[in-house]
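Student: Residues per chain, in single letters:
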Amino acid sequence: MVTLQYTIKDPAGIHARPAGLLSKTAKAFRSEVLIEKDGSTVNASKLMMLMGMGIRCGDTITITVQGEDESEAAEAIKAFLSEHL
Amino acid sequence: MLHFTGKGVCGNIAIGKIFVFKRQQAQVRRLSVADPAAELSRMERAIAAAAAQLSVIYEKALKEVGETNAQIFEIHKMMLDDEDYNESIRSIIETQSVNAEYAVSVTAERFAAMFSAMEDVYMQARAADVKDISNRLITCLSEHTESGSDYNEPRILCADDLAPSETVSLDKEKVLAFITAQGTTNSHTAILARTMNIPAVIGVGDAFLTAVSDGVVAAVDGDSGEIFLDPDADTLTSMEAKQQADLEKRALLKTLKGKENITLDGTRIELFANIGSIQDIGAALVNDAGGIGLFRSEFLYLENDDYPTEEQQCTAYQRVLESMAGKKVIIRTLDIGADKKVDYFRLEPEENPALGCRAIRLCLRRPALFKTQLRALFRASVYGKLGIMFPMITSVSELQRILALCEEVKVELRAADLPFSNQIEIGIMIETPAAAVISDQLAPLVDFFSVGTNDLIQYTLACDRQNPKLEVFCDPKHEAVLRLIAYTAKSAHSHNIWIGICGELAADTSLTETFLRMGIDELSVSPAYVLKVRETIRNLNLQSPDQ
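Each protein sequence line maps, in turn, to chains A and B.
Residues 1 to 85 (the working numbering) are what the first sequence spells out, left to right.
Residues 1 to 547 (the working numbering) are what the second sequence spells out, left to right.
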């Protein structure tokens, strides 16, 4: 299991488009990617729930990746976050 | 002849026959099915069909309205693909043995409710997206084609309302104009109509839909929002004349649209538009302005009976930024004085309002009022490329006070967890001789200058511009005025900031060459003048000897 934390820097937060792309990135791997903010957790592959979390600029999220390709998946998610959010 | 009025969102005249847009979508009813498995495979096929339609719409939107506006359809496709959304539909079909249409409609309600309940207005708008994709699915399930355009000549399309996807899907060749009974000038659909440049009148009211029927002749003025059903001969003649004038303007537009603002010897300049309300954005886009060089924010205050709230202002600025789809928008903060009547401001009458407590002076005396506007502007900045400029600047200390207030606002927003862009450009109007003369001291503090020539002329020449007797003394091309502008341009460039002109003088084509030689980087003019100035620029040669 790989755990990482990230604080959203994009002024618009995780809005529709970045949520869609994040979801897509997570789906490309077999591992399960969970995103947690203030006690609530969603699976990153679930776009509508992810959008429903209303993650905003300045929020810190915890990402947990678990599965056979967890290290590659975690790297990809990390790269996506620092590039887009 | 029947006369209706709605809100015109996109200029030009259209005359033609009416087509009433009907969604070929029956009322969704709950029906029991004997074979849920068959229902599930029907569902799979509908999802594939809807996804294929969305890909087509995305490609079409990409070409017609640009990437920023097209993104919404990419998101629609991703939403359609959402696991929970699909799971909910499947489980309703399986557990209740009901038809797929019903399962989709219940699921749509459920997800739309989740988004509607969110605090963020942007996220609330996603509720409409869920409904839009769900309606598409239901249409695909009923295996009908999308919108029956079963007519050959172009028509004026009427509907109760149009979803963004419906607007983009319209075959532009077959649509002369569109009229909707509902909708607001700020809706996504109105924004798309402007970008696509289709004459559109919205919010006409339901009575219109009752009065209208297929094939009736109508004349539509997308500028004034007027609609004449079955027009009489006189009305038809006058509308045709107006249409002819529009066509001629469009012919000029065609030759210059998309062309660069570049002189024969290769000097480039930005050409922006001055606007005073959200409705003017259509005109700015149609006339191919590269951005908004002056957005007068007064309308927000003049249209209201009380101070507009931060939320109201933020939404309005957001709409402007979104409509311009990534192009620069420079919003001028409140420029009001005793000569502009806004009752709730309770301004004391002044002997000389032009020299009185106006614009930034009023804002600095009423910091709460000013900070509300600043907060709204900063918050809206995440939706596009925003510049903020301050009017009536006369001193460095005054500018420092303004910048300190901006910093306060940033700290407050950060503390409240409200996002704003870190790329906002901050500038000032150069419209007093004082500001022009000390422009070398002001330049290091800001990102740009914008010369307001109307006031600069009046203050430099000590001429009240409202007084017709002074016209002979009030020479806009007075050497004093031109020298002040030239000096300001020099100050700007020696501090590596850009300088624009946003007053009426910017549209005076006899001065375009003078301004270009001064090194002015941007001219901002009324939308109707953009192409005229562009034409002048493209025929200039700065290499040829100065006359």
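Keep in mind that a hint or two might mislead.
EDC-like cross-link-like pairs, simulated, lysine to aspartate or glutamate; straight-line CA separation at most 20 Å [unchecked claim]: (1) A:Lys-9 - B:Glu-407; (2) A:Lys-78 - A:Asp-10; (3) A:Lys-46 - B:Asp-464; (4) A:Lys-46 - B:Glu-83; (5) A:Lys-27 - B:Glu-109; (6) A:Lys-46 - B:Glu-109; (7) A:Lys-46 - B:Glu-412; (8) A:Lys-37 - B:Asp-288; (9) A:Lys-27 - B:Glu-310; (10) A:Lys-24 - B:Glu-412; (11) A:Lys-46 - B:Glu-407; (12) A:Lys-9 - B:Asp-417; (13) A:Lys-9 - B:Glu-412; (14) B:Lys-172 - B:Asp-246; (15) A:Lys-9 - B:Asp-120; (16) B:Lys-371 - B:Glu-310; (17) A:Lys-37 - B:Glu-408; (18) A:Lys-27 - B:Glu-74; (19) A:Lys-37 - B:Glu-310; (20) B:Lys-410 - A:Asp-59; (21) A:Lys-46 - B:Glu-44.
Worth flagging that the hints you see were computed from the coordinates, not collected in a lab.
Student: Are the hints correct? Go through all of them and say.
Tutor: Status of each hint after checking the structure:
1. A:Lys-9 - B:Glu-407: Judged against 20 Å, a Cα distance of about 19 Å means the pair holds.
2. A:Lys-78 - A:Asp-10: The given pair, whose Cα atoms are some 15 Å apart, holds under the 20 Å limit.
3. A:Lys-46 - B:Asp-464: violated, 64 Å
4. A:Lys-46 - B:Glu-83: holds, 6 Å
5. A:Lys-27 - B:Glu-109: It is violated: about 26 Å lies between the C-alpha atoms, which goes past 20 Å.
6. A:Lys-46 - B:Glu-109: holds, 18 Å
7. A:Lys-46 - B:Glu-412: violated, 34 Å
8. A:Lys-37 - B:Asp-288: violated, 44 Å
9. A:Lys-27 - B:Glu-310: At roughly 39 Å apart (the allowed maximum being 20 Å), B:Glu-310 and A:Lys-27 break the hint.
10. A:Lys-24 - B:Glu-412: Roughly 35 Å between the alpha carbons, so the hint for A:Lys-24 and B:Glu-412 is violated.
11. A:Lys-46 - B:Glu-407: violated, 38 Å
12. A:Lys-9 - B:Asp-417: Holds - the C-alpha atoms of B:Asp-417 and A:Lys-9 are around 11 Å apart, at most 20 Å.
13. A:Lys-9 - B:Glu-412: Distance ~17 Å between A:Lys-9 and B:Glu-412 Cα, so the pair holds.
14. B:Lys-172 - B:Asp-246: Holds - the C-alpha atoms of B:Asp-246 and B:Lys-172 are around 18 Å apart, at most 20 Å.
15. A:Lys-9 - B:Asp-120: holds, 17 Å
16. B:Lys-371 - B:Glu-310: holds, 9 Å
17. A:Lys-37 - B:Glu-408: Between A:Lys-37 and B:Glu-408 the Cα gap is close to 29 Å, so the pair fails against 20 Å, i.e. violated.
18. A:Lys-27 - B:Glu-74: Given that 20 Å is the threshold and the Cα spacing comes to 17 Å, the pair holds.
19. A:Lys-37 - B:Glu-310: Violated, at about 28 Å.
20. B:Lys-410 - A:Asp-59: Distance of about 17 Å is within 20 Å: holds.
21. A:Lys-46 - B:Glu-44: holds, 19 Å
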